[in-house]
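Novice: Take a look at the letters that make up each chain.
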Amino acid sequence: MERVVITGMGTVNALAKNTAAFARALQEGTCGIGPLTVFDTSGYRTCNGAEVKHFNPREMIPPSFSLKRMSRADNLAFVATIEALKDAGLFPLPDDLRETTGVVIGAGAGGKLEGENFYRDYLGRQGKHARFSQLSSLYGAASADHITSHFGLMGPKTSFMTACSSGATAVGFAGDLIRRRVAPIMIAGGVEPLCRTTYASFNVLQAVDPGCCRPFDRNRQGLSLGEASAIMILESLTRARSRGARIYGELLGYGVTGDAYHMTTPDVEASGAVRSMTTAMADAGIPIEAVDYINAHGTATPANDLMETKAIKAVFGKRAYRIPVSSTKSMTGHTLGASGALEAIVSILAIHHGFIPPTIHLQEPDPACDLDYVPSVMRKAALNIVLSNSFAFGGNNTSVVFGRYTDKGIVNE
Amino acid sequence: MNRRVAVTGIGMVTPLGIGKKAFAERLFGGDSGIAEITAFDTSRFPSHLGAEVKGFSARDFISLKNLRRMDRLSQMAVASARLALEDAGITIDAANRDRIGIILGTAFGATDIKSHCARILFTEGPGMINPSLVPNTVMNAPAGHVSIEFGIRGVNTTVNHHAASGETAIAYAALEIQRGAADVVLTGGVDILSEFFFETLIHFRAVSPVDGREEGARPFDCRRNGPVAGEGSGIICLEALDRAQARGAVPYCEIAGWGMSSSPAGPTDWSDDPRGILLAMERAIQSAGLAPDDMDVIQAAANGGKNPDLVEAEACRRFFESSKKPFMSSMKGAVGESFSSGGIRATALALSMKEGKVPPTLGLTDPIKPLNIVTGRSMKTDIRCGLMNGISYGGTNVSIVTKIIA
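Chains C and V, in that order, are what the protein sequence lines are.
Note that numbering that gives the first Met the number 0 has the first sequence beginning at 0, numbered continuously upward.
Note that numbering that gives the first Met the number 0 has the second sequence beginning at 0, numbered continuously upward.
Just so you know, the hints here were simulated from the structure itself, not pulled from any lab data.
Ideal Cβ placement from N, Cα and C applies to all residues, glycine included.
Among these hints, one or two may not hold up.
[Claimed, not checked] Here are the simulated BS3-like cross-link-like pairs (lysine-lysine), alpha carbons at most 30 angstroms apart as the crow flies:
#, chain 1, residue 1, chain 2, residue 2
1, V, K305, C, K127
2, V, K305, C, K67
3, C, K67, C, K127
4, V, K379, V, K368
[Said to hold, decoys possible] Not the full set, but computed from the structure, chain V residues with beta-carbon under 10 angstroms of chain C:
#, residue
5, R96
6, A106
7, S114
8, M127
9, R152
10, T167
11, T199
12, S262
13, T267
[What the hints assert, rightly or not] So these bits of chain V aren't anywhere near chain C, every CB distance computed over 12 angstroms:
#, residue
14, A21
15, G28
16, S31
17, I36
18, L48
19, T90
20, Q244
21, N306
22, R316
23, T364
24, P366
25, M378
The following block holds chain C by itself, in its conformation from the complex:
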């Protein structure tokens, strides 16, 4: 088994258009949620979201890459991929890596924003002369295809779509391909664009807070939808060491479980969430006591936050009260398919820079949510092990374990 390390990161989200700025925004407790401009929200129940404003991919992508037929999602993913490769010292990608390097993306709405524009046009013209080519990047898989196509990659490629846990599963699976020596380097992450159908869907389910989401707050009313891309370069330790790469941290293991309970309501017993955390820790080969920080799923829906709190208590017992747990969705919004990957980056940044990002907008504690949610202000802390949770509609739960990289291996002390 190979050890898996993170050697590069890239992200575009409502807080920042690169990882360094993202790390600062997280430490400052910046809110990325506000009125949406990416589409007209009149007619919707709510109007807020965590949007990537003033996004001009052409400014951030070298002119040698054509952006033809790429959706907003593909552009977000591509900008983050270039940043991650540069960060890892792999841009331009050396020729000898093309045959084995793979891509795994947790996808979401894909090219739906463009697809909606097309469909509105199609309905208006009764189907005549509508430009179906606008649908060429409709599906989430397109982002991974554009990445492999632009870089000429021939390693394993796939996309997951399990709603809010897609990105976490993508990172976990890609890591496993390295662990088991299927591939030496993987570009792994997630991407989610804001679009009307997703926004309308969460609104009719009454799952959206009309203001800003307030994870773990007693008055929380739901999530704030957001958009983001988050890409990591995962590499076998052997390879990273041999080329003298900077190592941000280690991917130690992951766990995926099913609730088998309800399509949109989490299991009140929290069994799926409990098992995703314990399986991830067992996969990492790390005792439960070693967890220093939990990056919560923390969507701010009444059901999720209660369930997640219950699950953390079930897993960690009395120690649950001493482990900082925060929801960075309070800043980035819920970026659905990207969220697991975005929070993987948050976890690694927390380890690398030694801080615990806050849960902002948490003003009135909920008596039923009584853990240490790091309200409002970040804390400096040396972190060895971070657990990141992602739970999704459909009862898909994924937890991923990250660690500080040391020569000796897993940090137990």
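Following the hints, complete the assembly by docking chain V onto the known chain C.
Specialist: For chain V alone, kept in the frame of chain C given last:
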């Protein structure tokens, strides 16, 4: 941990029938599931053929309580999952449910529900979307419904990567059992035909007849002019071999290895370089610890498309250039291209392995390459190892190696 992975059950809802008895009879009997589409009016389109699932009564397979929350896509997935579990003789209970998982592939998801919701959004307004339909618009809905219907609480995920979704799901499921993350994983793929989706395929020139000539599915044939669109669901039950043997199950075969690769191509394009497919086959056979010479039968991905069939044929020609020539067959002349077809095709390969029969490639009379392709009627032969190719537009390749358990 490195456990062997057995195929202990299969279940399918296909244009060739529902359940393995009907399916095997028609598959090996050389029947076609392709006919004029009946689910919607095709008169305004240049294409009229499809491989539709007919005579499917979801109530025969699904509890009423859950059925009313499911769309057609999820119904097919759940029915196939029930058939696969029954075929495997596995009963799910409190003691085993956390170690049983589901990893499904779907290329397009619930195209009918999604286009309906988009229509409501623009014609009646965003607040008029029926909230009870929303859970079925996500790609992971079929796997979610399967897990709820049977109480499966282990690994649960959905692969959504075009026409390689089913094969990738199977590879991932095998990996989960290999590494000990689950004891049993239901896996495969599901996709459906619907009107707007069909119209989109036509605009992308993704279905026969792209050259305006006679419509039909002709894998590997010189006269091929695009695939015929199909639908259906196929699920196989993968199980740790030691567990299967301990309970006295008789597996169809084992998943001995798999390989994944990409061929650089845009999301709706086909690569014209066979190297990607070659890499997937090489990686699969290598991970199984086998050689090209060991392969007895190839279940090809060829669907009658101009480019993909040529590239796959060339990759196979090169791959088996200096070895024994295995029998090849594509069942897409009979079941059409159902996109996440890896599920249905895996159930067919499992049957092939067990019965020692290779189904015929319907629609093939004039092969593009001199390969050992079975046509006309099915071929009885000794099969020890099989290889299934999954290839997709967007440049995604997956190969799976199956082996008889000695």
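Novice: State for each hint whether it applies.
Specialist: Going through the hints against the structure:
1. About 27 angstroms separates the Cα atoms of K305 (chain V) and K127 (chain C), which keeps this hinted pair within 30 angstroms; it holds.
2. About 24 angstroms separates the Cα atoms of K305 (chain V) and K67 (chain C), which keeps this hinted pair within 30 angstroms; it holds.
3. For the hint pairing K67 (chain C) with K127 (chain C), the CA-to-CA distance comes to about 24 angstroms; that is within 30 angstroms, so the pair holds.
4. Between K379 (chain V) and K368 (chain V), the direct Cα distance comes to roughly 23 angstroms. Compliance with the 30 angstroms bound is thereby established for this hinted pair.
5. Contact between R96 (chain V) and chain C, as hinted, is supported at the beta carbon level, the nearest pair being about 7 angstroms apart and thus within 10 angstroms.
6. The restraint placing A106 (chain V) at the interface with chain C holds, with a minimum CB-CB distance near 8 angstroms, inside the 10 angstroms limit.
7. A distance limit of 10 angstroms between C-beta atoms decides the matter here; for S114 (chain V) the minimum to chain C is near 8 angstroms, and the interface restraint holds.
8. Contact between M127 (chain V) and chain C, as hinted, is supported at the beta carbon level, the nearest pair being about 8 angstroms apart and thus within 10 angstroms.
9. Here the hint on R152 (chain V) is kept, as its CB sits about 5 angstroms from the closest CB of chain C, short of 10 angstroms.
10. Taking 10 angstroms as the C-beta contact cut-off toward chain C, the hint placing T167 (chain V) at the interface holds, the least distance being around 5 angstroms.
11. For T199 (chain V), the suggested interface contact is upheld, since its CB lies about 6 angstroms from the closest CB of chain C, less than 10 angstroms.
12. Given the 10 angstroms rule on beta carbons, the hint for S262 (chain V) holds: about 7 angstroms separates it from the nearest Cβ of chain C.
13. Taking 10 angstroms as the C-beta cut-off, the interface hint given for T267 (chain V) holds, the closest approach to chain C being about 5 angstroms.
14. Here A21 (chain V) stays apart from chain C, with its beta-carbon at least about 29 angstroms from theirs, past the 12 angstroms limit.
15. Remark: the non-interface label on G28 (chain V) is consistent with the geometry, its nearest Cβ contact in chain C lying 35 angstroms away (cut-off 12 angstroms).
16. Look at S31 (chain V): its CB is around 29 angstroms from the nearest CB on chain C, clear of 12 angstroms, so calling it non-interface holds up.
17. Here I36 (chain V) stays apart from chain C, with its beta-carbon at least about 17 angstroms from theirs, past the 12 angstroms limit.
18. For L48 (chain V), the non-interface assignment is confirmed: its Cβ lies about 20 angstroms from the closest Cβ of chain C, beyond the 12 angstroms cut-off.
19. No Cβ of chain C comes within 12 angstroms of the Cβ of T90 (chain V); the nearest lies about 15 angstroms off, and the non-interface call holds.
20. Against chain C, the non-interface label of Q244 (chain V) holds: every CB pair exceeds 12 angstroms, the least being about 24 angstroms.
21. A cut-off of 12 angstroms between C-beta atoms confirms that N306 (chain V) is not in contact with chain C; the least separation is 15 angstroms.
22. Taking the minimum C-beta to C-beta distance to chain C, about 20 angstroms, the non-interface status of R316 (chain V) holds against the 12 angstroms cut.
23. Non-interface call for T364 (chain V) relative to chain C: holds, since the shortest CB-CB distance, roughly 33 angstroms, exceeds 12 angstroms.
24. Chain C leaves P366 (chain V) outside its interface by the beta-carbon criterion, the shortest separation being 28 angstroms against a cut-off of 12 angstroms.
25. Listed as a non-interface residue, M378 (chain V) keeps its Cβ farther than 12 angstroms from every Cβ of chain C; the least gap is roughly 33 angstroms.
Hint compliance for this structure: no hint is broken.
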